[in-house]
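There are 2 protein chains.
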Amino acid sequence: MKIRLYHARILTMEENRPVFPGEIWVEGDKILSVRECEPGERLKGGAGPCPEEGSEIRWDREIDCGGNLLMPGFKDAHTHSPMTFLRSYADDLPLKEWLQQKVFPMEAKLDEESIYWFGKLAVLEYVSGGITGIFDMYLRPDVMAKVAQETGIRCTLVSGLNDFTSSIEKQEEEYIHWNQAGPLIRYRLGCHAEYTCSRELLEKLAALAEKYRAPVFLHLSETKKEVRECTERYGLPPVKFLDSLGLFDYGGGGYHCIYLDQEEKEIFRKRGLYAVTNPASNLKLASGIASVTEYEKMGIPVAIGTDGAASNNCLDMFKEMFLVSGLAKYQEGDASALDAEKVLRMATVNGARAMGYADADVLAEGKLADLILIDLQKPNMQPIHNIPKNLVYSGNKSNVILTMVGGQILYSDGTYSIGSSPEEIYRECEKCLRRIL
Amino acid sequence: MKIRLYHARILTMEENRPVFPGEIWVEGDKILSVRECEPGERLKGGAGPCPEEGSEIRWDREIDCGGNLLMPGFKDAHTHSPMTFLRSYADDLPLKEWLQQKVFPMEAKLDEESIYWFGKLAVLEYVSGGITGIFDMYLRPDVMAKVAQETGIRCTLVSGLNDFTSSIEKQEEEYIHWNQAGPLIRYRLGCHAEYTCSRELLEKLAALAEKYRAPVFLHLSETKKEVRECTERYGLPPVKFLDSLGLFDYGGGGYHCIYLDQEEKEIFRKRGLYAVTNPASNLKLASGIASVTEYEKMGIPVAIGTDGAASNNCLDMFKEMFLVSGLAKYQEGDASALDAEKVLRMATVNGARAMGYADADVLAEGKLADLILIDLQKPNMQPIHNIPKNLVYSGNKSNVILTMVGGQILYSDGTYSIGSSPEEIYRECEKCLRRIL
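These protein sequence lines map, in sequence, to chains A and B.
According to my numbering, the first sequence holds residues 29 to 465 in order.
According to my numbering, the second sequence holds residues 29 to 465 in order.
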């Protein structure tokens, strides 16, 4: 399958490469070529004429991008996809009540079929919002793997191991199995959080990381309470404690990462750990604001996630991008803090790398064809002074025209190609809910 | 012109009235009737069958709402519409540099035609995002009045009087003229801010308010610097100082309202002044977070605005609504603070009343037909556990199907009926920019 996307503006997200007019050629699941038009046509008056080369190639499909923007798809670097089933079910409650009285009892009723359909509901939301890859933690990684393979979205699974569900043995099996399950799936070692795992279990996880020389991810320092209780238990805050067990000897990172002390930030920097920030969830659950500006200045790689729909309540990277930048400016008391370009990098390049998809980070020859087409003809994108700033500060889901993962078009102009129709997914979700509620 | 909107879910925003299935009848610019279906069909499995009555009426148009949601349009209670010309032109700069080196020199170059076309660009964004009314302050109220009358959006103009532009005499003329200019236009007394007006000018404005027994609006306590400098000048912070001049004797309110002390909040409560909050702009310019939860608890009416596109950078009430609620929860350290229903009221009912359009606040017989149709069949709105929470926490502009102002459909399924096409507006804006840049 050979696809030509022409008459486009292109933002490859390679370092220091501004938007240029050109076209992208895709073959199979990879980018065959990124082709730039002659200089002088940049940004002014449409994308300009493009290379005549390629006219001899027999294309399976040629797509006129109409001067709109091709860029890498967003990577949602922390989510719990099937939690769409609890969207707007239990909001505006104190955190403890929310978790213990609403979320946990409902999750206990979930069956495989529910996880499957609510996972698919999330995929509708991802692809219509330009998200091409997700870093997903949930009760049943096998079910989300099936969802990813059937829908075509790229997915890195991470274990939600804790004292009550899964086991080290099961995680090792999953690690081996899912890292050989084809190009759409990766699997990262991990656990739910320090506070849901015994010391013994965490030591076993560290040994597994050692065995496979593999990075480890988990919820980390999301609330003050978590940090205080870990310190009471072990005499150390979470990052220091986990690092002392060797959990991060081969890298990895944390979701949320709001309350790190200076030494813990230094551990992140030294080990190249990813701080995955989830600003909408952190506001809505009143958890706090991560020090993203400082992380970025220190050279700690930051990625961005939505968290699950029970706490957010949507899976929308435009919303998260604005929040990352806006909250950084507020936190630093400085309107020049953390500019849009840096945030865009977190939402694309850094997310891909955190997920173990370094081959889906930028648009370049040989990289995976995980890309989106952004409508610059909607009023919120006009005038076009600066495309990255328009994306981060003014973009929204209605700007997504097309979403491609591995050369497959999963969403285009309101139409989904993910194996099931929205109507079927909503109907099945409704049936599942009736069993659960 | 008689329009029937049937097969809908309806959120009237009347106090304590939950969503119900029904239909709305519109005649001229008003709501003729809001009709409820029989109970038992609420919220489950579509909007259900509707009254047979009305079949004898000859409708000019009948619109099948497909089970989607009719609700009052959003009121953007603080904006500077033509500032779309600076969207993403000068971001990520310290506030002072942004204003003095970028915004002011560019605004000085604006001519009437530029203000007109960039105002129209803003209207495209408003109506596609479900905004039916705007509270607009800009250099040329007459031009924005023309834009509102030509496009059909409802607009309350407010004077941006200061020591350098306009005058008390001109404001009085405008006040008389624009309050008689037809149903789409109102005019509120006001000035830019305390720090751009001499004491003498403010006293004249207070005398004008006295003369017409009229409320006064202005930018108020947006930054710490503003409060400090006012206190240095007059020995009082802005609200106390302005109140001592009699500026608020007939009500009114402030835009931003971040740094009020307890006595100033008490003045707001006692006088029923509107606190118009602009959270996206306040984050992006690192100004701070308004104490909206406290205002709400005190009974101070809060409305919501986008501010201009130079500081936001988009005109999107979904973004603002999430921020109002999320920032309140963060600020209070309480996930149960300021629930979605309250935020929705601020974004609709309170905004309308602040603008002097008490007849556009809720959907009810005799009210102005300023309403929107929200797509509940997009994945971010599924499942439908709670519609108000879905709107505030998960909604985005792609959920807006139809926007009606005064019985006129200004936007429907991606098509605009505002007198100019998007293509024409973009082209003219581009021409204006070429003159200015």
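Derived by calculation from the structure, the hints in this document are not laboratory data.
Take the hints with a grain of salt, since some may be wrong.
As the list claims (entries may be wrong) - Pair by pair, the computed Cβ-Cβ distance ranges are:
hint, chain 1, residue 1, chain 2, residue 2, range
1, A, 443, B, 140, 57 to 67 angstroms
2, B, 83, A, 465, 35 to 45 angstroms
3, A, 262, B, 262, 52 to 62 angstroms
4, B, 201, A, 405, 34 to 44 angstroms
5, A, 87, B, 441, 30 to 40 angstroms
6, A, 211, B, 224, 16 to 26 angstroms
7, B, 455, A, 170, 16 to 26 angstroms
8, B, 95, A, 46, 57 to 67 angstroms
9, A, 129, B, 464, 55 to 65 angstroms
10, B, 447, A, 443, 53 to 63 angstroms
11, A, 393, B, 443, 22 to 32 angstroms
Said to hold, decoys possible - Listed next, the in silico DSS-like pairs over lysine-lysine satisfying Cα-Cα at most 25 angstroms (straight line):
hint, chain 1, residue 1, chain 2, residue 2
12, A, 137, A, 174
13, B, 239, B, 268
14, B, 124, B, 232
15, B, 298, A, 124
16, A, 459, A, 174
17, A, 325, B, 325
No residue lacks a Cβ here, since even glycine has one placed at the ideal position from N, Cα and C.
* Enumerated hints in conflict with the structure, sorted upward -> 1, 6, 7, 8, 10, 11, 14, 15, 17
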